[in-house]
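Residue numbers (the numbering used here), protein chains in the order written: chain A, 2 to 422; chain B, 2 to 422; chain C, 2 to 422; chain D, 2 to 422.
Hint data in this document are derived by calculation from the structure and do not stem from the laboratory. Take these hints with a grain of salt, some might be off.
Computed list of lysine to aspartate or glutamate pairs in EDC-like fashion (alpha-carbon distance at most 20 Å, straight line) [said to hold, decoys possible]:
1) B:Lys420 with C:Asp327
2) D:Lys420 with A:Glu89
3) C:Lys19 with C:Asp327
4) C:Lys420 with B:Glu368
5) A:Lys264 with A:Asp234
6) A:Lys420 with D:Asp246
There are 4 protein chains.
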Amino acid sequence: MTVYWQAEAPSALARQFKSVRSLSEALAHPLSDADATAQSMDDASPAKWHLAHITWFFETFVLRDHVAGHIPYDPAFAFLFNSYYEAEGARHARPSRGLLTRPSLAQIFAYRRHVDAALTQAMPNLRSEALALITLGLHHEQQHQELLLTDILHLFAQNPLDPAVWDAPSALPAPMPEPIKWVAGHEGVVEIGHNGEDFAFDCEGPRHSTILTPHALANRPVTNGEWLEFMGDGGYADSRHWLSDGWAWVQREGIVAPLYWRKDEQGWSRFGHDGRRPVNPAAPVAHISLYEADAYASWAGARLPTEPEWESAAQALDPHSGNQLDTARCPRPRACEQSDGLAQMFGDVWEWTGSAYRPYPGFRTAEGAVGEYNGKFMSGQFVLKGGSCATPRGHMRPSYRNFFYPHQRWQFTGVRLAKDL
Amino acid sequence: MTVYWQAEAPSALARQFKSVRSLSEALAHPLSDADATAQSMDDASPAKWHLAHITWFFETFVLRDHVAGHIPYDPAFAFLFNSYYEAEGARHARPSRGLLTRPSLAQIFAYRRHVDAALTQAMPNLRSEALALITLGLHHEQQHQELLLTDILHLFAQNPLDPAVWDAPSALPAPMPEPIKWVAGHEGVVEIGHNGEDFAFDCEGPRHSTILTPHALANRPVTNGEWLEFMGDGGYADSRHWLSDGWAWVQREGIVAPLYWRKDEQGWSRFGHDGRRPVNPAAPVAHISLYEADAYASWAGARLPTEPEWESAAQALDPHSGNQLDTARCPRPRACEQSDGLAQMFGDVWEWTGSAYRPYPGFRTAEGAVGEYNGKFMSGQFVLKGGSCATPRGHMRPSYRNFFYPHQRWQFTGVRLAKDL
Amino acid sequence: MTVYWQAEAPSALARQFKSVRSLSEALAHPLSDADATAQSMDDASPAKWHLAHITWFFETFVLRDHVAGHIPYDPAFAFLFNSYYEAEGARHARPSRGLLTRPSLAQIFAYRRHVDAALTQAMPNLRSEALALITLGLHHEQQHQELLLTDILHLFAQNPLDPAVWDAPSALPAPMPEPIKWVAGHEGVVEIGHNGEDFAFDCEGPRHSTILTPHALANRPVTNGEWLEFMGDGGYADSRHWLSDGWAWVQREGIVAPLYWRKDEQGWSRFGHDGRRPVNPAAPVAHISLYEADAYASWAGARLPTEPEWESAAQALDPHSGNQLDTARCPRPRACEQSDGLAQMFGDVWEWTGSAYRPYPGFRTAEGAVGEYNGKFMSGQFVLKGGSCATPRGHMRPSYRNFFYPHQRWQFTGVRLAKDL
Amino acid sequence: MTVYWQAEAPSALARQFKSVRSLSEALAHPLSDADATAQSMDDASPAKWHLAHITWFFETFVLRDHVAGHIPYDPAFAFLFNSYYEAEGARHARPSRGLLTRPSLAQIFAYRRHVDAALTQAMPNLRSEALALITLGLHHEQQHQELLLTDILHLFAQNPLDPAVWDAPSALPAPMPEPIKWVAGHEGVVEIGHNGEDFAFDCEGPRHSTILTPHALANRPVTNGEWLEFMGDGGYADSRHWLSDGWAWVQREGIVAPLYWRKDEQGWSRFGHDGRRPVNPAAPVAHISLYEADAYASWAGARLPTEPEWESAAQALDPHSGNQLDTARCPRPRACEQSDGLAQMFGDVWEWTGSAYRPYPGFRTAEGAVGEYNGKFMSGQFVLKGGSCATPRGHMRPSYRNFFYPHQRWQFTGVRLAKDL
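The shape of chain A in the complex, shown without the other chains:
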């Protein structure tokens, strides 16, 4: 595997290990055994499965491969908790994950403790190759933390009782953001992609040059209030604004609003981890598909940013800033951030780009199972940038490439406009 990073010093890594692993368990804390078992669609996984899978990842690629004498905790777990690594053999069918009522959530927590203890004990003696795999495993676990949150949200949203995952105070009334301002982007030859220091996933490199034509980005994401204007103007019913596949999707699925929105006598509400609440017009719109983002941009006389445009603009900003996962309220308005510059690039919502998820020049997949991490998904998907309110703080980078199919919208996905100058 092309290693783009140096493993952390063991003691720092041990602290990071403890911290990341604890967060997963904290996120699962409000869940019952049943909550953690159910699977609400093929795209989602049960919380219990996430908790076990990320543990299996450490057990397999570190303990099994790098710790002599390791005995598998349960030989059946490789079959149950492998996600998509063909090189690791047969596995349980993904759409049937929700039928695994056994092992129980308590048994999965016991599995976690066992692997954590073994790994903590082994860590001081591991070679750098194994330490690098632990670092990879932690970033992998952070990805599943976000998925755990969005999958559990999708599950709870299917329940007619509208149960909240956790109670949270209603968002403070926020001043409506100012109208969008346009911020000119870089022009000509720019460099994007990971620069080779610190951790990054393989698909973020190699760093390379590309050419940008004159363009501008909106200073902030599109808000719910603006989205309601689009809806009010018949945006979901006007084929002129839609990609052909998107138009077919809108009609086939009867889409008339973002996911989790519902209209009743009181107007539009949305469902979140804090239950069902009125749509806040000041907050960034979330849970929209690429098709919707693209149609909105067309309606607004603009377009989606390309990945290079977004990334070259983001390189000057602090990826630890913004509304990311440590406050646990998502997504919420960031009214205080209005400025002449680019606001909310990191956190709040993943921003759809107009770039297909394809390899960078010179990209090669690694040998072995870990090589299946990213490369094999490079068809049919679009790149999203910047992380969301459900992304663990510290996980984000300008070069980070998230990817989903254009119809998917159960993540905290939103849109920032761009235009040619």
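Got chain A; can you put chains B, C and D on it based on the hints?
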């Protein structure tokens, strides 16, 4: 509603009420919250849902309709736990029952206790119409007890870990049954259908005359051992024995054995509430579809009994006898019952008949929601008779008409041969 | 094969052969090569396929099996034109019949002429077993004549241009029929089923006794005018009248009227072989499913007749009478037939019965491919009686058992009410 | 609409009009009415529909919009023969095109003659905007000529009789091509996209700069012989080489070879317009999906070219050269073209690139229906370059962007390898 029965005396009814309600909870005892929540196919329901639905039935048709001042326990429950009563309004989509992780199993038990207390308190003052509905509700609950058992079996069978619902000693080695003997049936005009005393579901009547041509029934159901011969002779691959719809089903679904059977190096095993165990050749074959039953009969040079043939023969037998639900081991050999007469007519396995489930002469559906109980299902299904090892003892009658679609086989369904004389 | 008939005297058979074969070609006369090739749904077959299949039947079961030295006309035809005879080997997938643009219609006519000549030449020397197969083949061809008409109607109905198969004068204005009168049926033990003389399909026997309870049949089928009342009263939207499977079908498919009906500013029209025309309120309703027939009967406070009720009443009537195929206008009012007795029992529309299509006591399927003719279809279907305006005159008998699935309605299917007395 | 071209001088345009229109009719010449009517899958259209649709395009966008007093030939044709132009209103459902047995092929030819005459008469007086639309219409018709050929091939391939569209002499035995040689491509900043002179579709521009990293292209496409090696090495069964979506597709569809390949005792054959013939190992492999092309490249230790790599290399070559549509034999070996340079870039097979079909910087869709031509298809599809043996000669350009979904393969699609240097 045409009432075919007199309600029990209140005190006897109260005892019966307590007994039936307790059994449901005993059956759910081995289940975790997650076990009780998951739904493994559209045809099945979660155990939790069964426990709530049968309680909703009492709350709605007795407390709501016949007890002044009753306040609904939870207004949302009518939407969640109505099964198919169109007259009771909109309801949660059946295939989504497994996503209701809330209310929890503990909350459903609390619901049960609340309704039980209210009903017990009200019972002494209820009029006979309401008491009749309680009697109906208890028979209804017994039906769901069997479904709870077969649905949970189907769920556990999807788990690659093959978890047992409960531990049970392996079946004692049983002597292989003797070859089938043929028992001549009644001939000429016979009467079938419920005779109007004691409880019966509306579809069991009116009692009426029909004509039987000369025929015989096998003295016992087909065994697993005999089924293995059918399989060994290529029975599943020989179109000549199959109904056209059955042949399409076999090919489309890749059917090669009864449900829950699996072959490995040790030979054929089957999955049951006691986990995965070797197929016992002396036990009656279970978990076969009407298509399989009919194909087997064709291969054996016989045919299925008709409902009148079966029922007229069963009228002389004790419906409380046989391997029914109070031993909780299903299905098991009944070697001691070999005799010159008909054995195992009640219990062990539901026996497919060759009769379509259609109304008897003079049948009329009742007014209102309760009228939806049976009549509206009278197309496309076949009648099964005699109950199974999962049928609560006391629930069975010769006139009892169970019905399933010809491809369904997750119940304890088997086959007894018949032939023309 | 249990032979229920004596073959005709050869010269009469030869005349009948010529007559039946000619009618098929006359029916195909208005069709272009493309018309005769297309297949509008899986249930239907192209006209060209019908013309070839019925010829293949004669070639295979008579010429191949009973004429020494017969050389197959084209070895590929067995694969292309076998319908469902598993014993005759692999065959072209039914849903792909419409892609066989070759051989052309002209080539199929040439095939017909070749087989007709060979059969005519061979007939004088054939033994009675072979002559019986010719008789069977002619009745088989008559069945396909009706299917050819209904399949081509379904195809033309998919064309937004509403092309007529043939021009026909508009039906004469007919006086509205009188309100329904009830005609008491036989009661007690009656005999039904074919009596063993003349030709009948195997499923029509054995003749046997059955018991009828007191009942009456309507003197005529339900009319379009009456059906419009049912529609106007919300019949398609009232779950109380529907079988459960029927209600699911109505909702899933969005059914609001009989097949081929359409509403525009001028009101309801229907599509027929004569193109699109206003619905004639005096004509019998056609193109309804069993589900619709059953729901209508429930709405009308009546029920469907059983097969024995219908057949015992029809045994006194002339099956050659009525509006059957030689006038080629279907279905049309039979205003002149109002009488105190049963009118329109034969012809006009196939009448759904409430009887499942299951074997009569003592029925056994024949050995070999011809044994697949009827028996293997005996699950999930309902019996229809009496023939329709598209049934060739001479083909009908009181014991004739047609069968379709309860949702199917592209045949000329209607309904006559019955009730208990 | 951004017009990238000047309309031809009218007289040249008239000659071109006649020439293109004639070719369509010549291509349809071997087809019967039925051949021209059937539709073998949703992605394909009937030949008759193609012939009518391209005529409707001229009638609508030229005669209706630019010729005063034009009377529609048939008001129903807009509904029947609009392809996907939402702005032109409702239209016949695409999957039902094969049920339009009327109008007949002869009637469509009459429609063509009528529009041709009207257009020829009007042409001398048309303004440049209308002449530009005629030019667009001719390029549009050429696209449908290729689709007509590939759609009819797909239809005939469904026929078990393996009918040939036209007889053609077997391909001459060709010497096997030499092993692949690698040709270094341009490096650094290059320009791609249409340069604004002559006709081009809107999606081919604007011309713009991009950066190429060091790379090489194979001097010729992959051959059938090489593909057989991939198959022999288990390429279709080795998940490591496949994109995740591709692997799911291979397993779901049971893909083991290119489309139209079949194996019997004589080995592998393929189906083409000349019927079924042995696979020629010297010919370029055709009828492969992007998934297959990508898996082959992975197996070969190479990758797909990007669109900019391919186009910058092709700019030096003659797009009128190569095996394109005027010989009507497809695809065939081009053994004589072995050279040090790039062979077979134009013609033979469309070459899959690794580039998603997305807009070029500055691309804007046109207003109105014609604006739906390309832009709305820019999600989920990949770019193919260079044309095929079924592309009309004269239609091709280096900047030409064809696009299909990654699983589609009924076009003449092949692959040329690339690699990083």
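Hint by hint, here is what the structure shows:
| no. | hint | result |
| --- | --- | --- |
| 1 | B:Lys420 with C:Asp327 | violated, 44 Å |
| 2 | D:Lys420 with A:Glu89 | violated, 29 Å |
| 3 | C:Lys19 with C:Asp327 | holds, 16 Å |
| 4 | C:Lys420 with B:Glu368 | holds, 18 Å |
| 5 | A:Lys264 with A:Asp234 | holds, 17 Å |
| 6 | A:Lys420 with D:Asp246 | violated, 32 Å |
The structure fails hints 1, 2 and 6 (numbered hints given earlier, in ascending order).
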